[in-house]
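> What follows is each chain in one-letter form.
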Amino acid sequence: MESKKSSLVTTCRLTIDLEKCLSCAACPPVCHTGALNLSSLLLEINKELCDNCSICIKVCPTGALLFSETTNFKPQG
Amino acid sequence: MEKTDAVIIGGGPAGSIVASTLAKKGFEIILLEKRPQIGVPVRCGEATGSREEISRFIPIDETWILADINAARLIAPGGRIVEKHLPSVGVVLDRSRFDQALAGQAANSGADVRVHTEAVGLLRGKNCVEGVLARDHRTGKTYELNAKVTIGADGIEGFIGRWAGITRHLKLSAIHSAIQYLIEDDGLPRDTIELYAGRKIAPGGYAWVFPKQKGFANVGLGVDPTMIEENTAKDFLDRFVEQHFPNAKIHATVAGGTSGTKPLKTMVGNGVLLVGEAAHQNNPLSGGGIMNALEGAEEASKVLTEALTTGDVSCRFLEQYDSRWKNRVGHAITKFALLRKLIYRLEDHELDNIAAVLDGISRNGEDKPIDYAEIFKTAVKTAPGLIWKAKNLLW
Ligand SMILES: Cc1cc2nc3c(=O)[nH]c(=O)nc-3n(C[C@H](O)[C@H](O)[C@H](O)COP(=O)(O)OP(=O)(O)OC[C@H]3O[C@@H](n4cnc5c(N)ncnc54)[C@H](O)[C@@H]3O)c2cc1C
Ligand code: SF4
Ligand code: SF4
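Residue numbers (this note's numbering), protein chains in the order written: chain A, 226 to 302; chain B, 14 to 408.
So here's chain A without its partners, still in its complex pose (with noise of 0.2 Å):
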């Protein structure tokens, strides 16, 4: 389940949903770059890490993460 940095996207493109998130802290833990982190009460991306790889969004309960668009994406899961 190791995930390598894809070709296709450079920037990240993932998005919180803050009416879902619950800040349960489930998502930090899976992120291979450590670009998740829960500041406080806040999740917080770090867009200069995220390598897109979608694992986050598979782990997160209420389905708060997602990618803002899809085009060019491949999930590598």
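Careful, some of the hints might be misleading.
[Claimed, not checked] Distance condition first, Cα-Cα at most 30 Å in a straight line; then the derived DSSO-like pairs of lysine-lysine: (1) B/225 - A/245; (2) A/272 - B/262; (3) B/275 - B/184; (4) B/213 - B/262.
Worth flagging that the hints you see were computed from the coordinates, not collected in a lab.
Please arrange chain B with the ligands on chain A, whose structure you already have, making use of the hints.
Okay, now just chain B with the ligands, sitting in the frame of chain A:
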């Protein structure tokens, strides 16, 4: 630069018990918790061990005990119910209050408990961790905290271990994606926990009903995120609640991840030690981690006391904790990790077969706690195809 004997990152059960134990011995302890309030929001089903087990760590206070558990009901996919009478086997907690009581105990023992304060990096000496960089979210200020030993009790997030090079990110298959509602309904069980198994209910996991105060229960489930395709854990929970509690009122939602993996090879480095869920001490089959965090903290505290007394915080010295933990709980966790892979991959009809055998065992009046090794043996005997699955996983 501020100096202390030990800095503990994370104000959950693991961090608070290490803090109170070391503070009682007279060491200078700083406990950092990034959230504004200890234990809030809750990320837990709140069911745990018995009053007797808990009272080894903190005197029982009825304000954080919501229900006593005296029985467990396993519900197989086909509907067969296997009930086991287990007098005083556990309790359901008010987890926020429980965590606050544990942190209070640490503070009363002399630990300096700092909320709103996040560890954002490690201070590194020559080949040794020497404390953390801390950020106070109220003032926005970042400061250095120098410590003889740094303790990662930072739960599932576990960045201390990652920064120290002890752990890596969790693989998707090594985490349960979990969600729970606090529901209000008529006819909820009072002193019985219910566990529902089945691929359609919770792929790679199970659903639970844990009674709280009268008329209320935590109803939740955990799934293996590699087994749910496009769905989320919430989709499965919504379906489950609709089926089993159609008239329930939902009061609150809790979510989270729990680690479902075998024990770490080592939980220590030079000047650094991990404890609780940060050290993957959870039961990988059930996801339960409260008692394990308390026991892990107890073992960690013994070794840390000696390390701070002698001044030897080297990896070689701290490694005693690895073997202590392995002997006490770690070996069992290895088995549970294998069982997780096996049991959660069973087809529904195979689970039904096992439930039938278990039903037989419980009807024969054997009043023992649920023994997963026994379930495993039964599973291998009764479910066709299972020996193959076991073989591929175990050998
Ligand atoms: C939905 C769900 C249901 C569960 N149900 C049960 C159950 O019924 N029974 C059971 O026994 N277990 C259950 N668990 C597991 C249990 O909650 C955990 O295993 C337990 O809380 C582990 O305790 P801990 O002290 O190791 O970590 P935690 O209780 O997670 O505490 C870690 C703390 O560290 C803080 N922290 C993290 N990073 C930093 C940082 N960089 N700086 C400062 N602070 C930081 C966090 O904010 C957190 O407060 C459940 C888990 C989930 C997600
Ligand atoms: S998409 Fe991948 S790299 Fe980006 S935040 Fe999610 S897990 Fe991390
Ligand atoms: S897993 Fe989902 S709900 Fe939990 S912190 Fe991440 S985005 Fe928020």
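> Confirm or reject each hint.
So, going through the hints one by one against the coordinates:
Only pairs whose Cα atoms come within 30 Å are accepted, and residue 225 of chain B paired with residue 245 of chain A is accepted, the gap being roughly 25 Å. Of the pairs offered as hints, the one joining residue 272 of chain A and residue 262 of chain B is violated, with about 39 Å between alpha carbons and a cut-off of 30 Å exceeded. For the suggested pair residue 275 of chain B and residue 184 of chain B, the alpha carbons sit about 12 Å apart, so the restraint of at most 30 Å is met. Distance restraint check for residue 213 of chain B and residue 262 of chain B: the Cα-Cα separation of roughly 23 Å lies within the 30 Å cut-off, and the hinted pair is therefore satisfied.
Hint 2 alone, counting from the list given before, is not met by this structure.
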